[in-house]
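Required output: the full structure, derived from the provided sequences and hints.
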Amino acid sequence: MSNYKKPVPIPSVESKPYWTGLKEGRLLIPKCGECGNFWFPPSLHCPHCNAANFSWEPSSGRGKVFSYVVFHRVYHPAFSEEVPYVVALIELEEGPRLISNLVEIKPDDVQCEMPVSVVFEKIANNMTLPKFRPAPLY
Amino acid sequence: MKQLRDKYAIVGTGKSRLGKVDGVTALGLIEEAVKAALDDAGLKNTDVDGLLIRGPDDIYCLHQLLGARLGVNAAFSSTLDNGGASQIMAVALAAMAIEAGLATTVVCAYGRDTWSRTNRGPNNERRDKREEPNMIPPSQRPVEHGPEFGFFGPVALHGLGARRHMFEYGTTREDFAAIAIAFREHARRNPEATMREPLDLATYMSARMIVDPFGLYDCSLVSDAAGAVVVTSAERARDLKAKPVLIKGFATFNNTKGWFLDDNMVTTAAAECSERAYKFAGVGPADIDCAQIYDCFTYMVLTQLEDYGFCKKGEGGAFVRSGALGLEGVLPTNTSGGQLSEAHVEGMLQIVEGARQLQGIYGPERQVKDAEIALVSGHGGNTICHSTLILGRA
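Listed in order, the protein sequences are those of chains A and B. Counting in this note's numbering, the final residue of the first sequence is number 138, and the numbers go up one at a time with none missing. Counting in this note's numbering, the final residue of the second sequence is number 394, and the numbers go up one at a time with none missing.
Don't take every hint at face value.
[What the hints assert, rightly or not] Not the full set, but computed from the structure, chain B residues with beta-carbon under 7 angstroms of chain A:
| no. | residue |
| --- | --- |
| 1 | Glu148 |
| 2 | Gly159 |
| 3 | Gly326 |
Since the hints were made in silico from the structure, they are not lab data. These figures come from a predicted structure and were not determined experimentally. Glycine is no exception: its CB is placed at the ideal position from the N, C-alpha and C atoms.
In C-alpha cells form, the structure reads like this:
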C-alpha cells in the first residue's frame with residue numbers, strides 16, 4: 001500500500017468519526033437526535049431541523065445507484081490505468097447520498113436504481129474507503 | 001419587485017477578443033470588454049460609479065483592481081461569487097443599487113483567461129502539455145468524499161444529472177447532440193465565435209468521451225474572453241448613444257441544499273427562479289422571442305428548457321430535436337453560439353447577446369426577427385445557483 005498514488009482523503013474536524021468508523025469496518029453516518037433523519041456529508045447540525053444533538057449510527061451499507069458517470073478522461077495520473085471507471089452517486093437505505101466507486105461490475109452493466117452494498121477497501125494503515133458492489137434485491 | 005419593471009436598462013454592451021488570446025490576463029480582457037461597453041453607450045470612465053465584477057476565483061478583490069485600471073472611485077462595487085449565476089445577479093444588483101440611490105451608472109463585467117492559463121507556466125512560459133483547466137484555487141478543492149474515488153470536475157458533476165434525466169425520461173445523447181449542433185449552426189454565423197466548423201451527428205457521436213454520458217461536444221469551451229454591460233435608469237438611457245434595452249425582470253434562486261439532494265439534478269433551481277422572474281416581468285414562456293440559456297453542458301440546456309416551461313419536464317429531448325432552438329424555430333436559443341461554440345464567459349456573453357438581439361443590430365443571417373422579449377439564464381456555483389434576466393425592447 002506504500003505505493004498507493006491516488007488521493008488519500010484528508011478528514012475534516014466534522015468528518016473524523018466517519019473515517020474512524022470506516023477504519024473499523026463500519027459505515028457510520030450522522031443521525032439527528034431530534035428528528036431522527038440521517039445526513040451526509042457530516043456537519044455540526046442536522047440539515048433537516050438544525051438540531052445540534054446527533055449521534056453516529058451505522059448504516060446498513062445497503063443502497064442503490066442513484067446515478068453514475070464513467071470517466072474516460074484522466075484527471076489525475078493515478079487513475080490513468082483505470083479508465084474507463086465508474087463513479088456513482090449511491091443512495092443509502094437511510095436516505096443520504098454519497099459519491100463512491102462501483103466494484104465487481106463492468107461500466108456497461110451499471111444502471112440507475114440497481115441495488116448495491118458496501119465493501120471496505122483499506123488503502124493505508126489508517127484509511128479505509130467505502131466502495132459498493134452489486135447486491136441481490138433485498 | 002414589479003415596481004422596478006422596465007425602470008432600468010442596459011445601455012451598452014461589450015466583448016473582448018474571444019477564444020485563444022495570447023499575452024493577456026483575465027483583468028486585461030475585462031478592461032477590453034468594459035471599454036467596448038462604455039464606447040457603445042457613449043459614456044466615459046468618469047461616468048461610472050458602480051462596478052460589479054467577476055473573474056477567476058483566485059484573484060482577490062478583482063473589482064478593486066479593475067477600478068484602479070478604469071480610474072474610477074466606485075460608490076458601489078464588489079466582486080461576486082455565485083459562479084455562472086453571478087453575471088445576471090450583477091445586473092440585478094445594479095438595478096437595485098440604482099433604485100436605492102447608491103449608484104447611477106453600473107458596469108457589470110466578467111472575464112477569464114482559462115485557455116491561456118492552462119497553456120502557461122508560473123513564469124508565463126508556454127507549457128508543452130496543457131494543464132487541466134481549473135479556476136478553483138487548489139486550496140479550495142475537495143479533499144474528501146470525491147477525489148479519492150477519482151471524482152473530479154464539473155463534467156462529472158453535471159454528468160450525474162444528465163444520466164439521471166436519461167434514466168427517468170428516456171433522454172438520449174442524440175437529444176444532447178441536437179443542442180450542440182443548433183448552437184454550432186449559430187456560431188457559424190457569428191464571426192467572433194471560437195468554433196465555426198460544421199458539426200453533425202456523426203461527428204458528435206464519434207468524438208471522444210470525456211465523462212460518459214458527456215463527450216467532447218457536450219462540454220463548453222475553455223476560453224480567454226470577457227463581456228460587459230452598462231446599467232443605468234431607463235430615463236437616463238434615452239439620452240445615450242446606444243438603443244437601450246429594458247430590464248423587465250430578474251430573479252435568483254439557489255438549491256443550496258445541494259445538487260445531490262432531492263430532485264435537484266433533474267429539476268434545477270431554474271424551476272423556482274423562472275417562476276419568480278416571469279412574475280416580476282409580467283410575462284410567461286410563450287412571450288419569450290429568444291433565449292440565451294446557460295450552456296456549460298448540453299444537458300443543462302435541455303433541463304433548463306423544461307424548468308423554464310418551454311416544454312414539459314421530460315419532454316426536453318423531443319423539444320430540442322424539433323428544431324425549436326434554430327433561428328427560425330419556436331425558441332431561437334443561444335443565437336451567438338453560446339458557451340458551447342462562441343466562448344465560455346460564465347454567461348456574460350449571453351447577456352450581451354440577449355441585449356443585442358433586442359437592439360436588432362444584426363443582419364438577417366443571425367437576427368431573430370421581431371424580437372421583443374429575451375430571456376437569459378445563469379447557472380453556476382457548480383450546479384446549484386441560478387439567476388434569470390428578462391429583457392425587453394425599448
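Taking the hints in turn, this is what the structure says about them:
1. Satisfaction of the interface hint for Glu148/B is found here, the shortest Cβ-Cβ separation to chain A being roughly 5 angstroms, below the 7 angstroms cut-off.
2. For Gly159/B, the interface hint holds, the least distance from its beta-carbon to any beta-carbon of chain A being 4 angstroms, beneath 7 angstroms.
3. Annotation: interface hint on Gly326/B violated; nearest CB of chain A at approximately 30 angstroms, more than 7 angstroms.
Hint 3 from the earlier list is the only one contradicted by this structure; the remaining hints agree with it.
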